[in-house]
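Number of protein chains: 4
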Amino acid sequence: MSDFFKGIEPIRYEGPDGANPLAYRHYNADEVVMGKRLEDHLRFAVAWWHSFAWPGGDPFGGQTFERPWFGDTMELAKLKADVAFEMFAILGQPFFCFHDADIRPEGDGFAGNTANLEEMVDYIGAKMEAVGTKLLWGTANLFSHRRYMAGAATNPDPDVFAFAAATVKTCMDATHKLGGANYVLWGGREGYETLLNTDLAREDAQLGRFMNMVVEYKHRIGFDGTILIEPKPQEPTKHQYDYDVATVFGFLKRHGLEDEIKVNIEQGHAILAGHSFEHEIALATALGIFGSIDMNRNDYQSGWDTDQFPNNGPEVTLAYYEILKAGGFTTGGTNFDAKLRRQSLDPEDLIAAHVGGMDVCAKALKSAVAMLEDGTLERLRAERYSGWDTDDSRALLNHATLEHCEECVRDRPIDPQPRSGRQERLENIVNRFV
Amino acid sequence: MSDFFKGIEPIRYEGPDGANPLAYRHYNADEVVMGKRLEDHLRFAVAWWHSFAWPGGDPFGGQTFERPWFGDTMELAKLKADVAFEMFAILGQPFFCFHDADIRPEGDGFAGNTANLEEMVDYIGAKMEAVGTKLLWGTANLFSHRRYMAGAATNPDPDVFAFAAATVKTCMDATHKLGGANYVLWGGREGYETLLNTDLAREDAQLGRFMNMVVEYKHRIGFDGTILIEPKPQEPTKHQYDYDVATVFGFLKRHGLEDEIKVNIEQGHAILAGHSFEHEIALATALGIFGSIDMNRNDYQSGWDTDQFPNNGPEVTLAYYEILKAGGFTTGGTNFDAKLRRQSLDPEDLIAAHVGGMDVCAKALKSAVAMLEDGTLERLRAERYSGWDTDDSRALLNHATLEHCEECVRDRPIDPQPRSGRQERLENIVNRFV
Amino acid sequence: MSDFFKGIEPIRYEGPDGANPLAYRHYNADEVVMGKRLEDHLRFAVAWWHSFAWPGGDPFGGQTFERPWFGDTMELAKLKADVAFEMFAILGQPFFCFHDADIRPEGDGFAGNTANLEEMVDYIGAKMEAVGTKLLWGTANLFSHRRYMAGAATNPDPDVFAFAAATVKTCMDATHKLGGANYVLWGGREGYETLLNTDLAREDAQLGRFMNMVVEYKHRIGFDGTILIEPKPQEPTKHQYDYDVATVFGFLKRHGLEDEIKVNIEQGHAILAGHSFEHEIALATALGIFGSIDMNRNDYQSGWDTDQFPNNGPEVTLAYYEILKAGGFTTGGTNFDAKLRRQSLDPEDLIAAHVGGMDVCAKALKSAVAMLEDGTLERLRAERYSGWDTDDSRALLNHATLEHCEECVRDRPIDPQPRSGRQERLENIVNRFV
Amino acid sequence: MSDFFKGIEPIRYEGPDGANPLAYRHYNADEVVMGKRLEDHLRFAVAWWHSFAWPGGDPFGGQTFERPWFGDTMELAKLKADVAFEMFAILGQPFFCFHDADIRPEGDGFAGNTANLEEMVDYIGAKMEAVGTKLLWGTANLFSHRRYMAGAATNPDPDVFAFAAATVKTCMDATHKLGGANYVLWGGREGYETLLNTDLAREDAQLGRFMNMVVEYKHRIGFDGTILIEPKPQEPTKHQYDYDVATVFGFLKRHGLEDEIKVNIEQGHAILAGHSFEHEIALATALGIFGSIDMNRNDYQSGWDTDQFPNNGPEVTLAYYEILKAGGFTTGGTNFDAKLRRQSLDPEDLIAAHVGGMDVCAKALKSAVAMLEDGTLERLRAERYSGWDTDDSRALLNHATLEHCEECVRDRPIDPQPRSGRQERLENIVNRFV
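Chains as they are written, first to last, in my numbering: chain A, -9 to 424; chain B, -9 to 424; chain C, -9 to 424; chain D, -9 to 424.
Don't read these hints as lab results, they were simulated from the structure. One should not assume that every hint holds.
Pairs involving identical chains hold if they fit within one copy or between any two copies, as the list cannot separate such chains.
Unchecked claim - Computed cross-link-like contacts, DMTMM-like style, restricted to lysine to aspartate or glutamate with a CA-CA straight-line distance of at most 20 angstroms:
id : residue 1 : residue 2
1  : K68       : D401
2  : K167      : D214
3  : K(-4)     : E29
4  : K26       : D364
5  : K315      : D194
6  : K315      : E65
7  : K167      : E393
8  : K315      : D189
9  : K353      : E338
10 : K68       : D382
11 : K315      : D30
12 : K315      : E373
13 : K(-4)     : E76
14 : K315      : E368
15 : K228      : D189
16 : K167      : E4
17 : K167      : D405
18 : K228      : D48
On a predicted model such as this, the values are computed, not experimentally measured, just so you know.
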């Protein structure tokens, strides 16, 4: 045992009135709602990168965290893994997520990276067994190294495409070996800084082919997890190709991938794209491509990804409401792609952030369940569209022509009268439950 | 002749050094560049609504303009048309555009609207012949009347769907009769104010069916213009389904319409969606759905549609560069969906705004031509991707697997070295021409 | 009695578990917290304009509401007042607010406006007495009429300045007569559309003089309410001079008004200026110019003023926390400058919106009280700065020179070590109470 | 001579038609306009940090640049200085700017930093003499080191305040010794991440005292340059106290500093605060606190500081127009606080970026001169306000009361008629010159 979390006991559920800052007030893993344990509904995952690999820098300042495992050796990578699993034991969450670059030191080129990764996968696999934490998803970091500065799959240099493809293979292998439930691709450099040096059609073709290679490989190795694309509109680049859920859907359709790939949606990315989180989730479920979520909020007054732990209960409730309405997670889950503020230096901050985030989510999920079970919202929604549930309306939708519509409007005649949309009353209903 | 523009003579080209505020300094309609007259490149159109129907109101203030044709009678609608064609004669632009509600008074229900529309179409048709101005596109206003407050095609009430469909039919008929080159659909109310009362999947099915009805009708009547959707992310509603070019593409693919419908792109709408204008144009051309443009800018410090006349030459140059690079307009053109500022009360303001806008566009088009003819930018772009133009690279793109990539990376081995993206040098090249 | 609200009974408090949509679940007016009744803490006011005068239009669509009092006669203005006080009786809130243009029809120039206003003031005064509702503040609408299109006090035409000044006098007289607790100035047109026609220094001098005239008049007539400026960064104009709290403070200092005028802060305006609501409140209390609030939120995904009823409890809690921490309202209060969505057509929507808004505020205020009484947040804040509470530190702050600091740093030597800012832990504390 | 810029000759002026990418097309240093040489109008300065110290990282990726001087030794710091002055000789710009942390390696605490700084100041002083480049301004980096993570002057720890004060003293000494024309303070950490742990009033008092110490010290040592504050609304922190020009003005007034400190305005910071660059300049000149500019643009589609070289001529023209209208720079100048894109790896990119930026500015300044000399814009502006230039109007502005205004409005009577604001015509005038 390292002594990084010395003095911090495993977090227990102590009920909503507790004042113990290091206890769950809402997350009672075994509590059953809608026929499932909270743990199985929420499927929490800790993200390796922000929690263990991020040094606390920002564009105007350097490292603030001083972690005993910072450095670029295998020994330190193993210490980092040790501390990570100590935290998993403290929190008791069921899953974690990682990029290759989070868990292994940078090696000497591709071969070095792969060797380091494989050794760490074995090391982590043993820890997973010991602690009982599972892998929600793995992914490849195709954005930090300077070789990717102009893109990975969309790079103008085919060597980078090949290097990225080879790297994804190693990361899919690692994820498969560790029993991951999903594999994620976030295209942080798949986009452009200036249109002046960019060929959109070429880069689209490259990205489409790359994703098809990933899907083909998945089937070849028998990986039965879900392949997920994580949309983000911009940052680090000026424009990213996986802009938002609607854009990713169009991309998948264009390349014949709409039945093979789903989306991992992040609140902060939704906000940057001009959407609410619940919009992106609702759209993905309507389009049949909802997969998983990254539960980290942005600051509404900041124009970049702040990746903060969730803290606004009513907002989180609306997100889980859309997920539950669509049947809940299957392979997906609630990943905390959330980072401490760079001034939050203490080990206790890291624990408290996760405890607070899990509690906000647990309370929100219960509120969402209560809204669904109450049923008023869904009854009112169905009533609003009930005019479409007649045979005539169905015929109108399925077979009508403009000429036929004109006849109807002239002959009946039709003079539609607006009806209240009741927005404030619906918002009041939500507020009964949050 | 009305005396609205009394004292204002037809605008002539007087060359770049002229100080006459009511002369063209750059728009010499008959000047030939890249084998085409400027008029045929730019295909300018005046928009009926902002130029003749908008009263100068905003959310905090009422009408500022006092036009002799304001009011809701057929007589005033004809006076409005008279003045419009007087302006077309002064400006000499080849096209105009309209909504039904711009050119006819509101009638008594559908039948009344249709009768008014038909009478005005005949009136306007005669003027078109007399003045020689053509119709770039027609469209139906499916957003101003309270019956559309919850959507037209996506309304929860099937009667509104039918009413909207019938109205579109009359507008397509009008457009067809007037020889329109395109027919546009802008879904200003196709979206939502709150997810709480909205069924995204239902509304998507309704919108998809509606658009198919439009396309089927077009073919039935032998209208050979292009059907165009105009993307806008929001405003008036919180979220609109035709968010941006990428979103519209996904919608078209989903409903089998990608070969039937193209996009009409507006600078202000691009900005509201988080994109540059040239991005939206370049994306549409890459996806094969570019149709036409609305040449009105937004203010970068305002979060709503300001619909201003274009005035920034370098920005407009980049837009035309993308259009020319893709072959120029076919049925589309440059519509000024631009409105005077509400303090610009004088008839001369209306003329000056169009003269200034046309001149900015004409100069920008010539700059774009010069950049294309110089060729440096395109040569550098092609060089940047030239690594993909070998047989090996093509094979990589077309047939590779992740395993094959891994082998290559290991065996050669591949260690890609980044190359400068040269952004500043490219921007300097642009500045040689603007 | 009109029958507009027919069938709707006065709203009663039924406790937090009630499911009655037309009952208060949290607003128990007589409940005492921190030594004051909830009614006296919150000081709710209904805004005449959005609730009774706004027709439901937006920039892309016309009127959706059909109210029996719409129209421009004294008779209808009185019917509007009748219905307003019927709603006040139903809601039981203690205050209302108005612009002159909300309560009187537009008259024939200044004299006509004044005569109409005076007659309505008498009419409303009698109703106030009957129902028991008081006036939180009055104000003049200096932005809707076309005469103000280029500003009121800051207009390039001195006649407009005079007209606006005369109008403000009549509105201050009306407010004084009705026993108003404050008088508000919102400079919706005090700003510019383009710098190209604007003289910032001149307009600043005009606005400074205008505000001094208001303050002088207040003292002359013995009005003992507070004069309030309402900041807003933009909309309707591109730039408004009362941009935000910090900008207004600088303006007040520049014109010697910092002890005479305070601010009325609106959540939506704070958001448009890039601030959180609680920031603007906290800044105003730190600068000694906090006055009152407009409790209407903006939509975070819309770039304009949506003026919606508050509905996010945790956010509202942080606002009241700052207010209570600074001692609570004195003459100010919680005005609902909030409007129904334009699809919310029914009288019940209007009642439900206010009931929901009042309940969100009441619950939030109680949460804020609980946080203050718990004291943990304030204790931690004080501890964080406790290093400044020594004599040495006070001397450093009051008398030190750069040279002295250099000596200290060299001699002791000083090598400061960062301490955790504990942001996540503080956010978790807040979540115990909301 | 290092060989970093090997093969690149000093940049010469070759006229506007030149195609040589490494020549000036507009910046002819000795050309005289409005009675001054271009060099003396523009007063270009190169920024040490972005050009020589920034490694090419962003929040999602590490270093891309590989400069021979990267590293933390005095030897490398001197090599960096050598290359910097080689670039100055190539560009021929008259000034440079620096932070302490740009030019010296991080030392062992304060004493180490100071010793390193002093040695580098001597080294650089000799180079300045040799090459003839002068110092526009110096500044202290009070934001990158972790000791400043919670602020410098506004830190809750008085030791940090003292450390920052001592550091500023050393940087003011360095600036004085090198003959700097100004001294700048940018408060990148003077703000907050969360209000929950922040005491605004305390931090304002600390910052006010700190700035007074700086001013007192300036006078004590006889530094006759200008003290400048650089506003920025946010980034790195959520909220920064020097939000924008208006906010800084209020701060200066509050602490009695309005005659002692001026502002250094950056285009990108203006944009982040919701303003145009020309607005911030015009406001600063109207308030009498304009000092200098940082000429780096932001990308309008990115919500963070992109710090790019200027490239849009018409926009830059409006900025210089405001500066020239107010009399031009005195001690201030045009600093390129602009960074290469992180993909721009080549030494030639660094030269080309500055050449392009200088040329855009030079052309823009000449356009601004032409607009001023033409005089139409200023004549129209003056005419618009000419109603205020009568004795009656002056009396109205200086002595009127609300009662007096009411009398005038009733008696004459006054019924103001709006006049066109002519925005489009003014924008067309600008377009004649850009």
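Here's how the hints hold up against the structure:
Taking identical chains as interchangeable, the C-alpha atoms of K68 and D401 are never at most 20 angstroms apart, the minima being 78 angstroms within one chain and 29 angstroms between chains. Taking CA atoms no more than 20 angstroms apart as the test, K167 paired with D214 passes inside one copy only; the shortest distance there is 12 angstroms, against 58 angstroms between copies. Proximity of K(-4) and E29 under a CA criterion of 20 angstroms is satisfied in neither setting, with 26 angstroms inside one chain copy and 49 angstroms between copies. Taking CA atoms no more than 20 angstroms apart as the test, K26 paired with D364 passes inside one copy only; the shortest distance there is 18 angstroms, against 36 angstroms between copies.
In this assembly of identical chains, the alpha carbons of K315 and D194 lie at most 20 angstroms apart only when taken from different copies (18 angstroms versus 34 angstroms within one copy). Taking CA atoms no more than 20 angstroms apart as the test, K315 paired with E65 passes in neither setting, with 46 angstroms inside one copy and 51 angstroms between copies. Taking CA atoms no more than 20 angstroms apart as the test, K167 paired with E393 passes between copies only; the shortest distance there is 17 angstroms, against 60 angstroms inside one copy. For the homomeric pair K315 and D189, the shortest alpha-carbon distance between copies (12 angstroms) is at most 20 angstroms, but the shortest distance inside one copy (41 angstroms) is not.
Neither within a single protomer nor between protomers do K353 and E338 lie at most 20 angstroms apart by alpha-carbon distance, with minima of 22 angstroms and 31 angstroms respectively. For a Cα distance limit of 20 angstroms, the shortest separation of K68 from D382 qualifies neither inside one copy, at 67 angstroms, nor across copies, at 40 angstroms. Proximity of K315 and D30 under a CA criterion of 20 angstroms is satisfied intra-copy only: 16 angstroms inside one chain copy versus 42 angstroms between copies. When the C-alpha separation of K315 and E373 is checked against a cutoff of 20 angstroms, the pair qualifies only within one copy, where the shortest distance is 17 angstroms, while the shortest distance between copies is 46 angstroms.
Only within a single protomer do K(-4) and E76 lie at most 20 angstroms apart by alpha-carbon distance; the minimum there is 10 angstroms, versus 54 angstroms between protomers. Taking CA atoms no more than 20 angstroms apart as the test, K315 paired with E368 passes inside one copy only; the shortest distance there is 9 angstroms, against 41 angstroms between copies. Proximity of K228 and D189 under a CA criterion of 20 angstroms is satisfied intra-copy only: 15 angstroms inside one chain copy versus 33 angstroms between copies. In this assembly of identical chains, the alpha carbons of K167 and E4 never lie at most 20 angstroms apart, being 37 angstroms within a copy and 58 angstroms across copies at closest.
In this assembly of identical chains, the alpha carbons of K167 and D405 never lie at most 20 angstroms apart, being 63 angstroms within a copy and 26 angstroms across copies at closest. Taking the closest pair of Cα atoms, K228 and D48 come within 20 angstroms of each other both inside a single copy (18 angstroms) and across two copies (12 angstroms).
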